[in-house]
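Heads up: the protein sequence lines correspond to chains A and B, in order.
For the first sequence, the working numbering gives the first residue as 1, with consecutive numbering after it.
For the second sequence, the working numbering gives the first residue as 1, with consecutive numbering after it.
It is possible that part of the hints are untrue.
[To be verified] Some, not all, of what chain B presents toward chain A, calculated at C-beta under 10 Å:
hint, residue
1, L147
2, S213
3, K276
4, K277
5, G317
6, S323
7, L326
8, P362
[To be verified] Distance ranges between label pairs, derived from CB positions:
hint, chain 1, residue 1, chain 2, residue 2, range
9, A, P124, B, Q583, 54 to 64 Å
10, A, T107, B, L136, 13 to 23 Å
11, B, G72, A, I238, 30 to 40 Å
12, A, G272, B, D71, 55 to 65 Å
13, B, P585, A, I238, 52 to 62 Å
14, A, T107, B, K187, 17 to 27 Å
15, B, H146, A, T79, 50 to 60 Å
The set of hints was computed from the structure by calculation and includes no laboratory data.
Where is the CB? At the ideal position from N, CA and C, for every residue including glycine.
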Amino acid sequence: MAHAYTPGLKVIPKTVVHKTRRLPLKGKVIVEVGAKVKAEDVVATTNLPGNVVPVNLANMLNIEASEIPELLIKKLGETVEKEDIIAETPGLFGLFKTKAIAPATGTLEAVSSITGQAIIREAPVPVSVHAYINGKVTGIIEDEGVEISTAASFIQGIFGIGGERRGEIKILTKETTTPITEDMISDDCKGKVLVGGSFLSYKAFMKAQRLGAIGIVVGGFNYSDIKKIVGYDIGVAITGQEDVKTTLIITEGFGEVHMADQTLKLLSSHEGKVASINGATQIRAGVIRPEIIIPLDGDTKLKEEKAELFGMEPGTEVRVIRAPYFGMLGEVTDLPHELQRLESGSLARVAKVKLYETKKEVLLPRANLEMIEKK
Amino acid sequence: MKPEAIKSILATDCGSTTTKAILIEKQGDEYRLVVRGEAPTTVEAPFEDVTKGVLNATKEVEELCGRQILDGNEIITPQKGDKGVDIYISTSSAGGGLQMVVSGIVKAMSAESAERAALGAGAIVMDVLASNDGRLPHEKIQRIRHLRPDMILLSGGTDSGNIKGVVEMSELLKAASPKPRLGISYKLPVIYAGNQKANAAIENNLSTETDLSIVENLRPVLERENLGPARDKIHDLFMEHVMAQAPGYKKLMDMSDAPIMPTPGAVGEIMQVIAKKEDITVLGVDIGGATTDIFSVFKDLEKGDPVFNRTVSANLGMSYSISNVLASATLPNILRWVPFEIDEIDLRNRIGNKMIRPTTIPQSLEELKIEQAIAREALRLSFIQHKEFAVGLKGVQKERTISDAFDQSSSGETLVNMMDLDILVGSGGVLSHAPRRHQSARMVIDSFLPEGITQIAVDSIFMMPQLGVLASVHEQAATEVFNKDCLLRLGTCVAPVGPIKAGKEYMRIRFTLPDGKMIDKAYTLGEMELFEAPYEAMEAEIIPARGVDVGAGPGQVVKTNIYGGLVGVIIDARGRRPFALPQDPVERVSKLQEWSKTINEFEDK
């Protein structure tokens, strides 16, 4: 491929993070450009249209739908309380009237003389959007939301569950190769983002959740344990809405995989600082990776740094992202132009990589390599 | 430009991950594929312009064919000297394809017809709503609000019938006030293709809230479907609304000399052209990263007319949705195709890792075998869905005669009859790019279980989408390239159907290979064999055991021509209805290895 570009996961000590905070529907933006905001501040609000309660008046009154308009007690657009009479039949000499009672409080939005159906719309549901990160408002999307920017350390994971959370970073393992075990998790983990090496067992996750940890960042986790946590199979990697108290971010992949050195180093350098984390993952068009954002203190200037798109070349540091060398790091030593036959029999574009761990040079499909992005 | 004047064609398919370009040129009297190039699709940040991927793929085509096609960021059309091409066309499934919600009154009738229209147009159907689908009105409203489709197709009622049901559905739709998936500033396109007596009421309900289009009823009478107008409208709106919202598509539409088609719609188009031209029944599959599409053209049960059906299994694919294959098929069903022992947790982790890093490829033979085991299950499950959907019209009264009295057939019966199938065509990465064609043949045979005598083929480099859109502007070029460069004939599968006791003769076959070697061989249950032979007609006599069918009825001898191909003639005497693998793991692994060896799947004998 002439313009192949395989981006890796970002692990950046210092960058400018821009976050778009958008309402689900048009509404009101309540901050101005230049305003400094805290993560928990509300930046925009709106009202979602209320729930709709359909009620078939023709069936309730046992009449033809075309007769409904004459029998309405409430007018279109009028407010109705639960148990109010919406329509009634004239009955016989004013007696034996049949009544249609409102099943909910709201506004009478529509009545159909074809189907006899009435629509009651309940009160609007207020929705607000928080800033999520400490920073500065750098843009307004009229009636829809804002862009917030901050100087921060920024780390992407490969897969996560659970939504946006904030907490202090607590490092559980010094080595990237050490798994997080149950005994490392204690009462002082409450409210913290726990960080550890190569693996997290299901039991350790459940203990952390029970003790009130708000997040865990770890190299590897068993895929089958995800089902045990959320109660169903995650068949397609679209997550973020799971009902979990502890957001889980896996940085490398499923199974026991060492966390990348630079990831643990960077997180360790921020131990005790507050991080905004989000496990939301979407591996489809418009890929979203789980993230850890640690806003930097002091007067760090907001300076734009455009990510440069570069291809793989000799000297590029890479991580192997598929068996048989899954998780190993190395350096590209050559990029043969010709297609090469793999052990599987497929012809593929390959790279010659010197693996740090084994100190051996191996030929690997370029598709199975991820560049380590550094700034 | 008149079709006969077209000498060169550039066609692209903008997939969700890769944009593929092919160059077709007239060589002498016929159209042939010249080269193929590809580049990553650029719908997403940082590029957010689909045409960049198109230009990159075209640049690769330029490099490979050694002549100029681009002038800066423009495709040169028409061809001048040896620069440029006469026409440029494209299909697209980038940005997740076309996502629709359809509705009807009766689930098994108008709602099913609406679903067929949407699928035929190349859409992914997110949900099918019907008056009798068991959900309460407020649940339907919640569902519509939640889904955010690209488009809604509303149908229901025959033209002389009651309008109440369909008007009620439009009221629910209005109350839900659905928002489109892409962009919140434009109105959601809604197509009404139901009882024409309700047009005014529908217009009254929906014309201000949505972008409403009214077309002919897709089921004007119970006995007939009229899917064309709804399908065409879906294509138009796909171009006008959905595509126009995706980054760079306005530019792409300007560049293209024919309307951009949704990729699966285009594949369906080429399947139908081929079935019609050769008067054959076709079953085609396209297994991708996120979805598996199945297309079929079988004969109508009553009149014998060809009927086209397409289904899309939205979450059965080999990368993005590979974990869903595991969840739907269950681990034991995947393990039954793995020809070695493997730890369950390890297998689950490997599948999870493919889901989160979907562009990786198997490097070791072991990984390849695991992926091919998963592919068999994805194909099998998609085919089950297809058989359930590809049925005759339901709710149609059938006149019965005395001779029908014992016939159990009824309306709504599946049209998929594997014994009648002429050709099975596989396409998509795992089938088109398998290291050996023998593996592709095995995968489609294991998952579709063809019966009797069936030709097997694969799309050589996955170019059916481009040929589909080409068929709409130049049918001759599309069919010539399809036959000569796209369709790779792998051979013929001969599979007897019916019960037989183990060890007894199941079937005997006699034929002469093109090199003169005579074959006269009997098979027992559980055997497979491959005869290497080129794609040439060979007169064959197939003698099934009593009660066993190879195409002419139980116990009937079949004399016909069979064809070899890149793989050859495959005898599959493993049994059908039911087809079963050994239960004992050791015996199963040994059988799988034996069949692989016989069919020459992994290395030359």
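Outcome of the hint check:
no.: 1; hint: L147; verdict: 14 Å, violated
no.: 2; hint: S213; verdict: 21 Å, violated
no.: 3; hint: K276; verdict: 34 Å, violated
no.: 4; hint: K277; verdict: 33 Å, violated
no.: 5; hint: G317; verdict: 9 Å, holds
no.: 6; hint: S323; verdict: 5 Å, holds
no.: 7; hint: L326; verdict: 8 Å, holds
no.: 8; hint: P362; verdict: 5 Å, holds
no.: 9; hint: A:P124 to B:Q583: 54 to 64 Å; verdict: 59 Å, holds
no.: 10; hint: A:T107 to B:L136: 13 to 23 Å; verdict: 21 Å, holds
no.: 11; hint: B:G72 to A:I238: 30 to 40 Å; verdict: 39 Å, holds
no.: 12; hint: A:G272 to B:D71: 55 to 65 Å; verdict: 59 Å, holds
no.: 13; hint: B:P585 to A:I238: 52 to 62 Å; verdict: 35 Å, violated
no.: 14; hint: A:T107 to B:K187: 17 to 27 Å; verdict: 23 Å, holds
no.: 15; hint: B:H146 to A:T79: 50 to 60 Å; verdict: 27 Å, violated
Comparing the model with each numbered hint stated earlier shows that hints 1, 2, 3, 4, 13 and 15 do not hold.
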